[in-house]
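These protein sequence lines map, in sequence, to chains A and B.
Under this note's numbering, think of the first position of the first sequence as 1, with each following residue one higher.
Under this note's numbering, think of the first position of the second sequence as 1001, with each following residue one higher.
The set of hints was computed from the structure by calculation and includes no laboratory data.
Hints are supplied without guarantee of correctness; some may be wrong.
Non-contacting residues of chain A with respect to chain B, defined by C-beta distances greater than 12 Å in every case (computed) [stated by the list, open to error]:
1. 9
2. 23
3. 25
4. 26
5. 37
6. 42
Computed cross-link-like contacts, DSS-like style, restricted to lysine-lysine with a CA-CA straight-line distance of at most 30 Å [said to hold, decoys possible]:
7. A:12 - B:1270
8. A:12 - B:1215
9. B:1319 - B:1303
10. B:1139 - A:45
11. B:1278 - A:45
12. A:45 - B:1270
13. B:1155 - A:25
14. A:12 - B:1139
15. A:45 - B:1155
16. A:12 - B:1155
Note that this is a predicted model, so its numbers are computed, not measured.
Cβ coordinates follow ideal geometry from the N, Cα and C atoms, glycine included.
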Amino acid sequence: MTGEKPTGNVFKNLPPGVCIPWEEKLKDLGEIKGDADIIRNEWDKLELFAYLYLWYWVQR
Amino acid sequence: MSNDKSKLLEERKKRYLTALDCGKPDRVPIGLTVSEFMAKVAGFTLQEIYYDLDKNLKALAKFVEEYEVDTFFSAPSLWWAASHDAVGAVYLKFAGRELEPNTQFQYVEGEFMLPEDYDAFIENPTEWILTTYLPRIHKEFAEPGSYRASVALIKGAGARAMELQLTQQGTAKIMEEYGVVPAGTGLTKAPFDTLGDALRGLKGIMMDMRKVPDKLKAAMEVLVPHNIFYALATAGGDTEFPAFMPLHRGAYPFLNPRQWDEFYWPTLKKVIEGLWEKGKRTYFFAEGDWTPYLERIAELPDKSIVFHVDMTDIDKAKKILGGRFCLKGNIPNSLLAVGKPEEVRDYVKRLIDEYAADGGFVIDAAAVVQGDAKEENIRAVIETVLLYGKY
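Work the whole structure out from these sequences, hints included.
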């Protein structure tokens, strides 16, 4: 086990199911020319997968 | 029993859910919580079921084909060992790698979260898990961002997706082809156990109750919405069947009653009540002895849990919880391992007569049935329920 000190978080108080807030991703995406909800819905599915993968290692 | 599998599935589902609602179905449901025993039934080594996803699911299919149970718990192995190897996970030892090919897996507890991690954990546990916890429990992540760490992360995530897909397909097949219903959908934990099992460890959390009680309580409060969410998300949104909640450190006498009241119960109660508000019942898998806490558990909303009786005094459980909560259990695993079939029959008959007579009861072993159970004793359980368990 590495015993390094924690370096702090990029995000605070994220709700369950979220790893990177959509609002943060929107800043990267810039202007969305089509339907933002389509992009958001698929983003959320992968967010959920990432979240469950991380918590899988804790909720053993 | 119907030969039409879809009709059989409905019969069993009605039987099980009626009991969970504290009612009287046509007979006492058989809900054996079986794991490694299935490998023996299927003729596989434990290495095979830990490492080979297909064989893991085949073992479950073989079990429900040969044994007339109403519900299934899961495939025999809860973990795909190859996915743990991919990331170099350190907290489980598996048969065929560190252990002999037919040896039960071992959990190697450690203090993978340090006392100084509490603030970061409380601020954002999801990020802390990725940036601090995984590099500690996954040897391949020792240098985050390195080639090895990046490949391991791809493999680990891909493996999880493969495992979930195959497991969903496999359990759907069990329902369709064998007419057996799941005992539960989704998994969650008591916040104290989330911290005490995989993060701080027993030694660490015992110290935290004395040294940093406020941080421990704050961390558990942060966990409440995550643990509610995790149960629902891992259940795929299902609210028909209960969420499995293996309960560990709350068993007596890990904690004294004052500690239990102060540290264990408040957030556990919130998780259960939070799930119940969303229509999801909790399968309160009370491993060990919970007798001193039955009165507190009775504070929960009616029918919000299925109380699994292991070493808890079943007379007191029946008296305090019976009629308001379904009880499940409690054939001693030692009896299944070393007893004779006639002794098993006597025990099961007594359970039916004394605890199941007015409904709200599911026959099960006291703990998860491992490879040491005798096949003739498991058959004796089922035969006895089929013979004497009709209402």
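Outcome of the hint check:
With a closest Cβ-Cβ approach of about 4 Å to chain B, residue 9 of chain A is found to fall inside the 12 Å limit, against its non-interface label. Separation of residue 23 of chain A from chain B is adequate, the least Cβ-Cβ distance of about 15 Å exceeding the 12 Å criterion. Annotated as non-interface, residue 25 of chain A keeps its C-beta farther than 12 Å from every C-beta of chain B; the closest such distance is 15 Å. Every beta carbon of chain B lies more than 12 Å from that of residue 26 of chain A, the smallest distance being close to 19 Å; the non-interface claim holds.
Its beta-carbon lying about 20 Å from the closest one in chain B, residue 37 of chain A satisfies the requirement of being farther than 12 Å from that chain. Annotated as non-interface, residue 42 of chain A keeps its C-beta farther than 12 Å from every C-beta of chain B; the closest such distance is 15 Å. In summary, the hint linking residue 12 of chain A to residue 1270 of chain B is supported, as the alpha carbons are separated by about 22 Å, within the 30 Å threshold. For the proposed pair residue 12 of chain A and residue 1215 of chain B, the alpha carbon gap of about 17 Å is at most 30 Å, so the pair holds.
Using a Cα cut-off of 30 Å, the hinted pair residue 1319 of chain B and residue 1303 of chain B holds, with the two alpha carbons roughly 15 Å apart. With a C-alpha separation of about 28 Å, the suggested pair residue 1139 of chain B and residue 45 of chain A falls inside the 30 Å cut-off, and the hint holds. Of the pairs offered as hints, the one joining residue 1278 of chain B and residue 45 of chain A holds, with about 21 Å between alpha carbons and a cut-off of 30 Å not exceeded. Straight-line distance between C-alpha atoms of residue 45 of chain A and residue 1270 of chain B comes to about 27 Å, which keeps the hinted pair within the 30 Å bound.
The hinted pair formed by residue 1155 of chain B and residue 25 of chain A meets the criterion: a straight-line CA distance of about 24 Å does not exceed 30 Å. For the suggested pair residue 12 of chain A and residue 1139 of chain B, the alpha carbons sit about 27 Å apart, so the restraint of at most 30 Å is met. Between residue 45 of chain A and residue 1155 of chain B the CA atoms are separated by roughly 19 Å; this keeps the pair inside 30 Å, and the hint holds. Between residue 12 of chain A and residue 1155 of chain B the CA atoms are separated by roughly 28 Å; this keeps the pair inside 30 Å, and the hint holds.
Hint violations for this structure: number 1 only, all remaining hints satisfied.
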